[in-house]
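Chains as they are written, first to last, in the working numbering: chain V, 1 to 352; chain C, 1 to 352; chain Y, 1 to 323; chain L, 1 to 323.
Hints may contain errors.
[To be verified] Covered stretches of chain V (chain C as the covering partner; in silico rule of three or more C-beta atoms under 8 Å from a C-beta of chain C):
1) 181-190
2) 210-222
[To be verified] Straight-line distance between alpha carbons at most 27 Å, and here's what the computed BS3-like set of lysine-lysine pairs gives:
3) V:Lys310 with V:Lys300
4) Y:Lys45 with C:Lys280
5) C:Lys280 with Y:Lys176
6) V:Lys258 with Y:Lys45
7) V:Lys255 with Y:Lys45
8) C:Lys61 with C:Lys331
Please keep in mind that the hints were generated in silico from the structure rather than gathered at the bench. Computed from a predicted model, the values in this text were never measured in an experiment. For every residue, glycine included, the Cβ atom is placed at its ideal position computed from N, Cα and C.
Chain by chain, the residues:
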Amino acid sequence: MSSRPQPKLSTPVGKSADGGAAATTLSAARRFPLDATTLKNYLRQMVLLREFERLGEREFKNGLIRGYYHSYAGQEAVGVGLVNALDLHQDYIVDHYRDHGHMLLSGMDPMRIFAELFGRANGVSKGKGGSMHMYSPENHFLGGDGIVGGGISVATGVGLALKQQQRDGICVCFFGDGALDTGTFHESLNLASLWHVPTAYVCINNMYSMGTSLERHSSLPRLVDRAVGYGIPTEQVDGQDVWATTEAAERIFRKVRKEQRPYFVEVLTYRYQGHGIHDKPLNYRSLEEETAWHARDPLKLLSDHLVEEKILSLAQIEALRAEVVAELEVKVEEAKQGPEPAPEELMHDVTL
Amino acid sequence: MSSRPQPKLSTPVGKSADGGAAATTLSAARRFPLDATTLKNYLRQMVLLREFERLGEREFKNGLIRGYYHSYAGQEAVGVGLVNALDLHQDYIVDHYRDHGHMLLSGMDPMRIFAELFGRANGVSKGKGGSMHMYSPENHFLGGDGIVGGGISVATGVGLALKQQQRDGICVCFFGDGALDTGTFHESLNLASLWHVPTAYVCINNMYSMGTSLERHSSLPRLVDRAVGYGIPTEQVDGQDVWATTEAAERIFRKVRKEQRPYFVEVLTYRYQGHGIHDKPLNYRSLEEETAWHARDPLKLLSDHLVEEKILSLAQIEALRAEVVAELEVKVEEAKQGPEPAPEELMHDVTL
Amino acid sequence: MHEALNMALREEMERDPRVVLLGEEIGPYNGVHYVTRGLFAEFGKDRVMDTPISEESFVGVGVGLAIMGQRPVVEMMRMDFSLRAMDQIYNHMAKIRYMSGGRLSVPMVLRGPEGPGPNPGLTAQHGQQLSVLFAHCPGLRVVSPSNQYDAKGMLKAAIRCDDPVVFLEPGPLNNKQGEVDDGDYVLPLDQAEIKHAGEQVTLIGYGASVALCLQAARDLERDGVSAEVVDMRSLRPLDMGPALGSIRKTNRAVMVDYAWQSYGPGAEIVSRIATEGFWDLEVPVQRVSGKETPLPYAANLEELSKPSVEEIVAAAKVTLQRQ
Amino acid sequence: MHEALNMALREEMERDPRVVLLGEEIGPYNGVHYVTRGLFAEFGKDRVMDTPISEESFVGVGVGLAIMGQRPVVEMMRMDFSLRAMDQIYNHMAKIRYMSGGRLSVPMVLRGPEGPGPNPGLTAQHGQQLSVLFAHCPGLRVVSPSNQYDAKGMLKAAIRCDDPVVFLEPGPLNNKQGEVDDGDYVLPLDQAEIKHAGEQVTLIGYGASVALCLQAARDLERDGVSAEVVDMRSLRPLDMGPALGSIRKTNRAVMVDYAWQSYGPGAEIVSRIATEGFWDLEVPVQRVSGKETPLPYAANLEELSKPSVEEIVAAAKVTLQRQ
Ligand SMILES: Cc1ncc(C[n+]2csc(CCOP(=O)(O)OP(=O)(O)O)c2C)c(N)n1
Ligand SMILES: Cc1ncc(C[n+]2csc(CCOP(=O)(O)OP(=O)(O)O)c2C)c(N)n1
Ligand SMILES: [Mg+2]
Ligand SMILES: [Mg+2]
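Just chain V, same shape as in the assembly (with noise of 0.2 Å):
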């Protein structure tokens, strides 16, 4: 199909529900200010998320990680941009199982991440919940998920719930392109709209579910476009590019925190590995596409500009890239050393 989204992001940039000046261009955001240390900061958050994956991935390769493993590699610039417009003091985020990303963006401590993926009891989960069920009430982080589209209606009840108490918090919901096939996605659009909860719903649209591309599972291309018939605005976000994220997530959060609605995003990226660690993406995807997509890399991005702007030299990134891998190992190495679970967990928390 012609109009489905490239990398270049040829779409029709996405227009609001509401008429309100949506739009979001890479020029446009741009012009967005972020100084030099905002800049460098979202530079290491990204190499984190990115060597966070790497190393996750291999620990699995090692046979300390079992069952799924579902990296967010690529796809970094959604989650600097939008974790970081949040407060998450009073703001949450309820997540699907592409979820190590988001959760390092809010402030969880790599080590209990990896001790969870390792199934150890200073885990996240203590070990029982695994890569797809984290989750942190200090960070307000509320669980990743397994059941595609399994949160959205959970992430609609959070909202409501911030509104019912009348605390200024939103509630961010982050699924992928599929989950707008599930009936529930449509259910809780119309929900939130109809009592106005404060929720953004974001739909991280990364070309494909699984080994199925857009144009095979989705009616229209545009998910915004299917995204329109609850009178919430609805807006497409350039995934790839930290500023256009960043200023969408700005702009977009203060809306619905103000407003008390809800609203459609639609972020544009792709991941880089398979679905699933064992799954071979070019059984289903060309090397061209992929090499489209990496052109546009989002550390890429942010990279040169830092380079071109002499706020890093590439010396210097490459320093920080070995810094952040450095303190990554220590963390695994914690991980590592924490113990199982004790026999008797198997049957607590189940009720209390």
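For this one, chain V is given, so just place chains C, Y and L with the ligands on it according to the hints.
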């Protein structure tokens, strides 16, 4: 909500997603030629549907009918316009629980429908199904259904089967405005659009989902606006005017048949009785509103025209009504003669 | 029973502002089965929320409210419709506590009528007794009251419970009258109870089938048979104590259940009796259940499909024949 | 087991053009569990249809295809996801024959892997054994094979059956090899079978738990205990004959099941044994099941949560202690 559809159909006329000239207005429809014989036949059918419900409710109060009773009264022009536009030698109907009218129009014997309502062995479903669960393969009527939205995916499968079997027929699926709140509606439209399923999805918008008015259950008051996310044509039709429903149905079904693509139709109408027989509608809607809709009663609109055009006199119309009632009374009596199902029927038809 | 349930909801809503109700037609419409009658007028639209027909998602909304510290009580107009919400019930409501290693809890109540009643003619999709679908799921508490007194105390306890509770209201008893204790009392959610003392045979039920057992006990009395009636009250966790204790005395049991017999709640209860009570049983446990067919519409078939007092009496006598 | 299932699908698709497959990633992706491998290439997109993530609705599509005379085989990538489709399964797939007074039938197969396997670490929402949810529903046939031979013959029979069949594929056995009979044979959908002859104790399983029983029987042999293994094969309808016959000989039984014990399939089977086989049992039936918790992730906890050969051996010995 001011934009709520009013009897006089003040809502902007439906626009078709595929840009086709799908607009239906009273005037436009009135230009649609229906000869005297057809009109007389349609009046007779409308009277049949209206009187059937009157007798049915009478027998419910007499204790012959138990459980649920959902009257079709007020919606006659919908069924007459749409079902007559089908060729039930090849086309199929999948219905919801407000199904008496559509069963009559698909040619099922009123006696057997009454018998089913009386729970007799000579009923459509041997007395086992009841009001919501009658099926007549011979008449290509594939059932009412008690689950809101439950038939929408089934109708998608029926349309797909016609396509797989390379038959000419199409499928028409009837459901209410409340069904748009069920996820399966949205899942099914996505599937139908992806797979080019020749099913027409007909939402009978009678302004209420049980006691809940449109604007209290639907985030957008125009239901066509909630079905635009699937790349299939959508259209709003005046359901009080049989010219309008006929014109729209013939044009739409022709298109579905020819192009082998789904279509979404919102027919605006009103149910006169409560949701079910025990429901008192004035608890949640005004007498003014009811009166306004009765002013555009589908039988009245047609009768008035027939009288104006001197096709029938008021006396003849009364005679016709009396004749229909007399015929129905015979059916009621015949149905009453039916035996109750044999006890062994309890365990028959569960599996082979 | 709806007065008791209504009173429980009102009292808990007055006591705790975190208690909010969600469900179809529970607002201005006042609820199809009267359980929420008057609550919309009293507490307003923010605490008594009408929902569109979106069962999966408004159960999920309940889960979201609960993990945020609200106390949602979510009504299924009929429990049959919870089939639409099974993913939220099994994979979220029931599991979030465990999947989070105990960091989150889901203090939520899912309630609604099950089984063939109150009115007849509910037919195949509206009168099912699906209790076992909930009872099988670790992480849930599943209870069902058999009278007004229990209904009120158990619903209040369910609302105060920090675990997710599925509260199965016996449809056939929904319109059963009987004065209601207006005291502020709660009852345990995990205790079975002897509802009628007897010596010779133990009749076991839960929810609506307890009423059948009690009637059967009265009829058996007339025939000189003394039957004890045990109300399980909770299906998850199961409290086998009273039933096993009774069987230690009577050495005979009849399991009575509105659900389809195969794989119904009675199956687990009978298997527990047959293993833990093995040495006390003198004869096989008898089972009286709903017939294994979708609920038929015809009056005579619908009657045949339900467990009857006559069947219970007959089954009890069978246990007494072989001595 | 996937080779056998794949062969069954291919043969039936070649035999009958009405057989069409629907499911997630069963097309070009070739199926997550290899069962549909190669079929898209062979039969094309009109007969091997990839579906979006819309379980409720593509099961409903299957129902629509079936009542129109097609022979849909609908795959759940994991049976856990059928929780999304429970309304279509319970209220449509299972009931249309009855609600239509027998005028319509729904010749459809719903299939997919259940339980904690093939690979470890499936965690709480992907490795459930929900067999009983289907087995409880009148109108369905529910079967589960325990080896390649049965898998092929039963799946072919299920596809040819005019009733809706839920075909539960034992996840733990999905990758088990073993040559497959390439003959065109079908097996009955309602017959249990003795899989290993023995004298002293009867081990009863279905699907994946049969493999555990067979291993336990071998281990018991070493300890001088002769155990008979009964494979139920069908959960609905239940064929109690072979189990009861075996118990008439052994007077002892152990029920083995991957599902949560409470209200799991074993509950009905044990209750049937305890009633119909009452006079043959010398000791209580023992039960070995999945532990009643969401499937935990940690390797040691996941192992503990599953029924084990050791537990079966121990349970068998318990039945032999009291004589
Ligand atoms: C209800 C349900 N059906 C199927 C699956 C299996 N499954 C897991 S992820 C996935 C694809 C989802 O893709 P998308 O929503 O685009 O998210 P992404 O993986 O691209 O981040 C599928 C089919 C599931 N987990 N839940
Ligand atoms: C899944 C489900 N939820 C709730 C109900 C109860 N119920 C029956 S009809 C109805 C209202 C539906 O209204 P609408 O779809 O507009 O159809 P209408 O009755 O107006 O023809 C409701 C809530 C049901 N039958 N099924
Ligand atoms: Mg995706
Ligand atoms: Mg309506």
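- prompt: Hint by hint, which ones does this structure get wrong, listed from lowest number up?
  reply: Every hint satisfied by this model.
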